[in-house]
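Asker: If you're matching them up, the sequences are chains A and B in order. Under this note's numbering, think of the first position of the first sequence as 1, with each following residue one higher. Under this note's numbering, think of the first position of the second sequence as 1, with each following residue one higher.
These are computed hints drawn from the structure, not numbers from a lab. Some clues are possibly wrong.
In this list, chains with the same sequence are indistinguishable; a pair is considered to hold if it fits within one copy or across any two.
[Unchecked claim] List time: in silico SDA-like cross-link candidates among lysine to any residue, alpha-carbon distance up to 25 Å: (1) Lys275 <-> Gly260; (2) Lys127 <-> Thr2; (3) Lys60 <-> Arg12; (4) Lys111 <-> Lys181; (5) Lys111 <-> Tyr9; (6) Lys22 <-> Gly35; (7) Lys92 <-> Thr4; (8) Lys22 <-> Arg8; (9) Lys155 <-> Glu177; (10) Lys170 <-> Ile216.
Residues per chain are reported as follows:
Number of protein chains: 2
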Amino acid sequence: MTETELIRYLTRNIPRRFRNLKTGIGDDCSVIRLGKKDILISLDSLIEGVHFKRSWGDWKMWGAKAAAVALSDIAAMGGTPQFAWVDLTLPKKFKPADAKKFYFGFNSLLKKYKVILAGGNVASNAKNFAASVTVMGEVPAGQAMLRSNAKPGDKVYLSGPLGGDFLRPKPHIKIGEKLRKMGCRCCIDVSDGLLKDLNHVALASKVKIRLFAEKISHQGPLKKALTRGEDYVLAFITGCQAPGEGFCKAIGVVSKGKVGVEVLDKKGKLLSFSKLGFDHTI
Amino acid sequence: MTETELIRYLTRNIPRRFRNLKTGIGDDCSVIRLGKKDILISLDSLIEGVHFKRSWGDWKMWGAKAAAVALSDIAAMGGTPQFAWVDLTLPKKFKPADAKKFYFGFNSLLKKYKVILAGGNVASNAKNFAASVTVMGEVPAGQAMLRSNAKPGDKVYLSGPLGGDFLRPKPHIKIGEKLRKMGCRCCIDVSDGLLKDLNHVALASKVKIRLFAEKISHQGPLKKALTRGEDYVLAFITGCQAPGEGFCKAIGVVSKGKVGVEVLDKKGKLLSFSKLGFDHTI
Numbered sequence: 001m002t003e004t005e006l007i008r009y010l011t012r013n014i015p016r017r018f019r020n021l022k023t024g025i026g027d028d029c030s031v032i033r034l035g036k037k038d039i040l041i042s043l044d045s046l047i048e049g050v051h052f053k054r055s056w057g058d059w060k061m062w063g064a065k066a067a068a069v070a071l072s073d074i075a076a077m078g079g080t081p082q083f084a085w086v087d088l089t090l091p092k093k094f095k096p097a098d099a100k101k102f103y104f105g106f107n108s109l110l111k112k113y114k115v116i117l118a119g120g121n122v123a124s125n126a127k128n129f130a131a132s133v134t135v136m137g138e139v140p141a142g143q144a145m146l147r148s149n150a151k152p153g154d155k156v157y158l159s160g161p162l163g164g165d166f167l168r169p170k171p172h173i174k175i176g177e178k179l180r181k182m183g184c185r186c187c188i189d190v191s192d193g194l195l196k197d198l199n200h201v202a203l204a205s206k207v208k209i210r211l212f213a214e215k216i217s218h219q220g221p222l223k224k225a226l227t228r229g230e231d232y233v234l235a236f237i238t239g240c241q242a243p244g245e246g247f248c249k250a251i252g253v254v255s256k257g258k259v260g261v262e263v264l265d266k267k268g269k270l271l272s273f274s275k276l277g278f279d280h281t282i
Numbered sequence: 001m002t003e004t005e006l007i008r009y010l011t012r013n014i015p016r017r018f019r020n021l022k023t024g025i026g027d028d029c030s031v032i033r034l035g036k037k038d039i040l041i042s043l044d045s046l047i048e049g050v051h052f053k054r055s056w057g058d059w060k061m062w063g064a065k066a067a068a069v070a071l072s073d074i075a076a077m078g079g080t081p082q083f084a085w086v087d088l089t090l091p092k093k094f095k096p097a098d099a100k101k102f103y104f105g106f107n108s109l110l111k112k113y114k115v116i117l118a119g120g121n122v123a124s125n126a127k128n129f130a131a132s133v134t135v136m137g138e139v140p141a142g143q144a145m146l147r148s149n150a151k152p153g154d155k156v157y158l159s160g161p162l163g164g165d166f167l168r169p170k171p172h173i174k175i176g177e178k179l180r181k182m183g184c185r186c187c188i189d190v191s192d193g194l195l196k197d198l199n200h201v202a203l204a205s206k207v208k209i210r211l212f213a214e215k216i217s218h219q220g221p222l223k224k225a226l227t228r229g230e231d232y233v234l235a236f237i238t239g240c241q242a243p244g245e246g247f248c249k250a251i252g253v254v255s256k257g258k259v260g261v262e263v264l265d266k267k268g269k270l271l272s273f274s275k276l277g278f279d280h281t282i
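Produce the complete structure using the sequences and hints provided.
Answerer: Dropping the structure here:
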């Protein structure tokens, strides 16, 4: 069973909208209407042995990454992040000095985006290190960029090339805010792989998304770049005028038709993929 | 180094109040002012091998407990809970059927308190099972019951006897709301042990708290009941009239003097304790 299947099963009876909850399970953030604002909330985790190995870097780096991946969800909604909370689980014999390094990296990244650490929780004597991060941000009511807002005729864009440094991701906060202000209302961050993430958009919006391989700027082999997770560039879909400088050209189009994502090579031939992207197996 | 010392070190430069953050690190919940409401946010975790062993119960029970301990923080502030999020970390070879049981217990408890699951996250292949729960609630602006609001002359009360069933805790939501409406502005839930939790209140309010042992209703030996964590009754401090039926009589008084908590036996003799309560050691 995959993570996606399990989540689908577990949440089949949970309402997606309820009272002032405008968007619940199934998007990058929950959206809660409070007066003229929509509050955005998201959770993300960074677990030793699952998301990283100690030998890949240092604790300061993992702290920064834990904050960045959580803030990336706020960026994907076009939000301005404000507060963060961290629930730290420390393994047995974990050095307080390493907790301090993690914390320093975490908090330094928050400061870059003017986010305040508003609280947290610590437990120890666990088997592995884990940080569960909750972030809160806001957008003017009704302006969050949702997975369900893609429409036939829209075009697909990326906020940067695929295949960047997954150890030091940067949340595209400023770009997200700019896109929202320009009128864009559909976006996702590439955390599970471009194809899988755009498939989420296709399902939520009930549309077909066609990508043109040669228009996608990427590092490394194409198929790997399209299915690799932890990229954290924004994939956004809009019918507004081309977003102009600073963004690459359209990489695809949205249409009616069979819900899902397809990729054409420069000869117009359909590419096949053994998997769409990363999925935890249970 | 203990959890308390580590948190104190890590958060020494983090502002407790900033813009619309009215209460940050150091209380049961963060308090964020949004118009006429104060939004309450809290995180809590339930980790296999740290907080429970599988042999103690079943997954439905752990699901209910994970939700209850998080909601207890909202109760301690006098809040009305509204939304919850859960970040699940599943170990290798974890049965999807057990994840479903956990989830069923978790969601059933939420429903009892009319709380909606607004989102979450799942990762697998970790070494131990962990659930990190984020809850959100609200109170009218300025009415949250804070640790820092105890005043000389106030009396101390408990919302129930100490030493209850720690496997099946119940968040005292209705009692918390009632206390807030009655004008109570200082409360904490007994999650780390009564003495340790009241010590948090004494430090935050810069007061001395004196307890009278014979007035404290409890199950099991007194010293154990006073220092045992995971109780989740509410300890509240108020100068208003005795809260009346449904609550036990005052168990202590607040005064000026040396900041901290002391317990007198029925002869007026000071009781000594080797520790105040539960603290994770790092």
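Asker: Does each hint fit the structure? Answer for all of them.
Answerer: Taking the hints in turn, this is what the structure says about them:
With identical chains, the CA atoms of Lys275 and Gly260 are at most 25 Å apart within one copy only, with a shortest distance of 13 Å there and 60 Å across copies. Within a single copy, Lys127 and Thr2 get their C-alpha atoms as close as 23 Å, and across copies as close as 18 Å, so both meet the 25 Å cut-off. Taking the shortest alpha-carbon separations for Lys60 and Arg12, only the inter-copy value of 18 Å comes in at or below 25 Å, while the best intra-copy value is 39 Å. For the homomeric pair Lys111 and Lys181, the shortest alpha-carbon distance inside one copy (23 Å) is at most 25 Å, but the shortest distance between copies (38 Å) is not.
Taking the closest pair of Cα atoms, Lys111 and Tyr9 come within 25 Å of each other only across two copies (18 Å); inside a single copy the shortest separation is 38 Å, beyond that limit. In this assembly of identical chains, the alpha carbons of Lys22 and Gly35 lie at most 25 Å apart whether taken from the same copy (13 Å) or from different copies (19 Å). In this homomeric assembly, Lys92 and Thr4 come within 25 Å of each other (Cα to Cα) only across copies, at 17 Å, whereas the closest approach inside a single copy is 31 Å. With identical chains, the CA atoms of Lys22 and Arg8 are at most 25 Å apart within one copy only, with a shortest distance of 19 Å there and 37 Å across copies.
Taking CA atoms no more than 25 Å apart as the test, Lys155 paired with Glu177 passes inside one copy only; the shortest distance there is 19 Å, against 50 Å between copies. For a Cα distance limit of 25 Å, the shortest separation of Lys170 from Ile216 inside one copy, 20 Å, qualifies, whereas the shortest one across copies, 53 Å, does not.
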